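Participant: Letter by letter, the chains look like this.
2 protein chains.
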Amino acid sequence: MSTHAQQTRPDTVTQLVEDLARAGRAAQGQLALLDSGAKARALRTAAAALRDAAPAILAANAQDCAAAEANGTSGAMLDRLRLDAGRLAGIAAAVEAVAGLPDPVGQVIDRSEAPAGMALSRVRVPIGLIGIIYESRPNVTADAAALCVMSGNAALLRGGSEAVNTNRAIHAAFAAGLAAEGVPAAAVQLLPTQDRAAVGAMLGAAGLIDMIIPRGGKGLVARVQADARVPVLAHLDGICHTYVHHAADPAMARAVTLNAKMRRTGICGAMETLLLDAAFPDSAGVVAALLDGGCTLRGDARAQAIDSRIQPASANDWDTEYLDAVLSVAVVDGLEQALAHIARHSSGHTDAIITGDDAVAEAFLARVDSAIVMANASSQFADGGEFGLGAEIGIATGRLHARGPVALEGLTTYKWQVRGSGQARA
Amino acid sequence: MSTHAQQTRPDTVTQLVEDLARAGRAAQGQLALLDSGAKARALRTAAAALRDAAPAILAANAQDCAAAEANGTSGAMLDRLRLDAGRLAGIAAAVEAVAGLPDPVGQVIDRSEAPAGMALSRVRVPIGLIGIIYESRPNVTADAAALCVMSGNAALLRGGSEAVNTNRAIHAAFAAGLAAEGVPAAAVQLLPTQDRAAVGAMLGAAGLIDMIIPRGGKGLVARVQADARVPVLAHLDGICHTYVHHAADPAMARAVTLNAKMRRTGICGAMETLLLDAAFPDSAGVVAALLDGGCTLRGDARAQAIDSRIQPASANDWDTEYLDAVLSVAVVDGLEQALAHIARHSSGHTDAIITGDDAVAEAFLARVDSAIVMANASSQFADGGEFGLGAEIGIATGRLHARGPVALEGLTTYKWQVRGSGQARA
Numbered sequence: 001m002s003t004h005a006q007q008t009r010p011d012t013v014t015q016l017v018e019d020l021a022r023a024g025r026a027a028q029g030q031l032a033l034l035d036s037g038a039k040a041r042a043l044r045t046a047a048a049a050l051r052d053a054a055p056a057i058l059a060a061n062a063q064d065c066a067a068a069e070a071n072g073t074s075g076a077m078l079d080r081l082r083l084d085a086g087r088l089a090g091i092a093a094a095v096e097a098v099a100g101l102p103d104p105v106g107q108v109i110d111r112s113e114a115p116a117g118m119a120l121s122r123v124r125v126p127i128g129l130i131g132i133i134y135e136s137r138p139n140v141t142a143d144a145a146a147l148c149v150m151s152g153n154a155a156l157l158r159g160g161s162e163a164v165n166t167n168r169a170i171h172a173a174f175a176a177g178l179a180a181e182g183v184p185a186a187a188v189q190l191l192p193t194q195d196r197a198a199v200g201a202m203l204g205a206a207g208l209i210d211m212i213i214p215r216g217g218k219g220l221v222a223r224v225q226a227d228a229r230v231p232v233l234a235h236l237d238g239i240c241h242t243y244v245h246h247a248a249d250p251a252m253a254r255a256v257t258l259n260a261k262m263r264r265t266g267i268c269g270a271m272e273t274l275l276l277d278a279a280f281p282d283s284a285g286v287v288a289a290l291l292d293g294g295c296t297l298r299g300d301a302r303a304q305a306i307d308s309r310i311q312p313a314s315a316n317d318w319d320t321e322y323l324d325a326v327l328s329v330a331v332v333d334g335l336e337q338a339l340a341h342i343a344r345h346s347s348g349h350t351d352a353i354i355t356g357d358d359a360v361a362e363a364f365l366a367r368v369d370s371a372i373v374m375a376n377a378s379s380q381f382a383d384g385g386e387f388g389l390g391a392e393i394g395i396a397t398g399r400l401h402a403r404g405p406v407a408l409e410g411l412t413t414y415k416w417q418v419r420g421s422g423q424a425r426a
Numbered sequence: 427m428s429t430h431a432q433q434t435r436p437d438t439v440t441q442l443v444e445d446l447a448r449a450g451r452a453a454q455g456q457l458a459l460l461d462s463g464a465k466a467r468a469l470r471t472a473a474a475a476l477r478d479a480a481p482a483i484l485a486a487n488a489q490d491c492a493a494a495e496a497n498g499t500s501g502a503m504l505d506r507l508r509l510d511a512g513r514l515a516g517i518a519a520a521v522e523a524v525a526g527l528p529d530p531v532g533q534v535i536d537r538s539e540a541p542a543g544m545a546l547s548r549v550r551v552p553i554g555l556i557g558i559i560y561e562s563r564p565n566v567t568a569d570a571a572a573l574c575v576m577s578g579n580a581a582l583l584r585g586g587s588e589a590v591n592t593n594r595a596i597h598a599a600f601a602a603g604l605a606a607e608g609v610p611a612a613a614v615q616l617l618p619t620q621d622r623a624a625v626g627a628m629l630g631a632a633g634l635i636d637m638i639i640p641r642g643g644k645g646l647v648a649r650v651q652a653d654a655r656v657p658v659l660a661h662l663d664g665i666c667h668t669y670v671h672h673a674a675d676p677a678m679a680r681a682v683t684l685n686a687k688m689r690r691t692g693i694c695g696a697m698e699t700l701l702l703d704a705a706f707p708d709s710a711g712v713v714a715a716l717l718d719g720g721c722t723l724r725g726d727a728r729a730q731a732i733d734s735r736i737q738p739a740s741a742n743d744w745d746t747e748y749l750d751a752v753l754s755v756a757v758v759d760g761l762e763q764a765l766a767h768i769a770r771h772s773s774g775h776t777d778a779i780i781t782g783d784d785a786v787a788e789a790f791l792a793r794v795d796s797a798i799v800m801a802n803a804s805s806q807f808a809d810g811g812e813f814g815l816g817a818e819i820g821i822a823t824g825r826l827h828a829r830g831p832v833a834l835e836g837l838t839t840y841k842w843q844v845r846g847s848g849q850a851r852a
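Taken in sequence, the protein lines are chains L and A. First residue of the first sequence? That's 1 in the numbering used here, and the numbers climb one at a time after it. First residue of the second sequence? That's 427 in the numbering used here, and the numbers climb one at a time after it.
Worth flagging that the hints you see were computed from the coordinates, not collected in a lab. Incorrect hints may have been included.
[Claimed, not checked] Some chain L residues judged to face chain A by a derived CB distance under 7 Å, without partners named: (1) ILE127; (2) HIS246; (3) VAL256; (4) LEU400; (5) THR413.
These numbers were taken from a predicted model, which means no experiment stands behind them. From the three backbone atoms N, C-alpha and C, an ideal C-beta is built for every residue, glycine too.
Could you build all of it, start to finish, from the sequences and the hints given here?
Facilitator: Here is the structure:
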């Protein structure tokens, strides 16, 4: 490639992304006119198209998996990439589940009367064009597209290079299903290039892409958050705390903390730090349950005194998201110390208290400033499905627009409708 | 100043802004614990302090005005800068009015029950630290501070250099009033430097400043939108349309369009483009009322045929916010053409229809994708006060978080509260 070509390549990719974004915006204008039934029908047809295309999708996936194995891809990453008939059926079923969710578009948030007499209402409308940047899980191609379409948004998808063939096959089937119901093909577009400059072009497309949602590891999310000129909906870390207050029921404390840490250690809602009240009488039982359950504990000096199997924590541990069977443990003297620890170290994702004292629970729920605050429940419930939202597009720890699990409603904005009878302003 | 000092200056300013932001965040943590009554009391005391400090504030303002005049500042700019006893009383009264508004913090947006049985609620909480960057109107110092405090947010204010003495005097009185009620001084801070690098430092303070609101001319807003790494709440342009449908009542069409353009030409909700339906029988009357009212009209060929006083429009006119007694006028063939014109040229601020046909009005309200859509009312109503919100911090045309007039609620976000009874996730 000539020097000239190398210099112009980023411009070409930027042009491509801008062209796709404009096409997506135009398609979104048509999508916005569809009623809930039409969008649901299109998604059900897309789900059927995914089932019909199973042989092609699984063949494409086998190709991606073979390439990944040849590249020495590890077990967990390969597992995220791999599809089989059951997983593909699950993807199609998930699209149908989205079709069955209540459509937020057109919902009236509130109504009021202007002092001059006009009727005011705030009505939910789609955001516009959503960019989704994701890594190896090919199900995101269908999941994210379905949530965008049901909420009246166009989607511009950029999947990981390791899943390129799978994503293309899923996208082709999905888009064909939409098209069969008259939804414009550009409502859901998959970036046709794996050029990394395309990610930069998406992140810079302010005014063309309305929101970017990264789905993947910390490296991807951090890059998107650092470089985006477009608003980003995401969470970087899930450094989730559980504070066991002295008035906690010991059996509940054991069961909930064990679940919060060990049910699945790799999810963002997994507990990463346990705060034990010095006055809680069963710290030894809580700690033993975790250790016996196979968790490595790293504690401050007072925590280490509880059980000799607890290793010493370093200063970094309090700011570490292990995503593994490892937990940092500190002993605190009451609610205020627990709140101070959380204020300093929480990533603002999910923090929980276990207590039998309602007043203390309410103080914790009021004062901890995280997207999700819980009393007497496992932080592993931090999930749109567990919150009854249906599928979620992600969990947001930013402070604006939407926080916590984000589903269809979080993919909408609102406009003000004003109905007058000829009012002129005095 | 040595070369070395010049090179290090931006770092010093950045450090200053970061230190102020950290102090503001710490103060916000305390502010968030105050109940509505305590915040209202603090604002009423701040209002009283503004009245008590009137001699000092007016003396500082006289100094600013003299300097501005010496610099050849023009009438309108000088008028925005100048305070007198009446205007200052208005500023204090506006602070008291904010103290009387319902506090959004703690409001429950909605409640539900998780499938596993926990009670879920979404509760409004402050956003955190709000940066306000503004120009010559010194009232913003008190207005913005009051809205931030009432919504539990800390404010970091950066006013225009032309109002530096006035802003300092207003801020000193306001902060003293807050402090007298136990609100930490850093809850409302005014940047102590007019160094332009401070604006850049504020715009780059992602993670320290949660939201930036620019208040001022297009140059300021454009710079903030282009350079900010922090989310921005703003509108750049108010290219507002009024479409006179063929079924509009002629008298209403004349009165509303005249008001929409001429009541005050310099506000963002002023109509900038009039779309006349070719089948509307009284276009000549609407046009004559505007011309006779002193408005210059620039039209397309069909509009020019209505009245010989209409000048030819250039292609730029359709994308121009005149903020003056100038209006572009086009003739359209029905609703679809009007919608297409608006989709292409609107800035997404406020667009209106005048029609006696309810079905057409509803189609317009549903399909125009602007922050505010109106039927049979003047676009000059695009204002938080006219919407019954009390004082507004600004009008937003972005698509996320808040759209249209933004008042106290727009200065909040929410968190999820989860109340369980020991649930562990299956």
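Participant: Does each hint hold? Answer for all of them.
Facilitator: Hint by hint, here is what the structure shows:
Contact between ILE127(L) and chain A, as hinted, is supported at the beta carbon level, the nearest pair being about 5 Å apart and thus within 7 Å. Because the smallest distance between the Cβ of HIS246(L) and any Cβ of chain A comes to about 17 Å, over 7 Å, the interface hint for this residue is violated. Hint on VAL256(L) holds. Least Cβ distance to chain A is approximately 6 Å, under the 7 Å limit. Taking 7 Å as the C-beta cut-off, the interface hint given for LEU400(L) holds, the closest approach to chain A being about 4 Å.
Because the beta carbon of THR413(L) sits about 5 Å from the nearest beta carbon in chain A, less than 7 Å, this interface hint is met.
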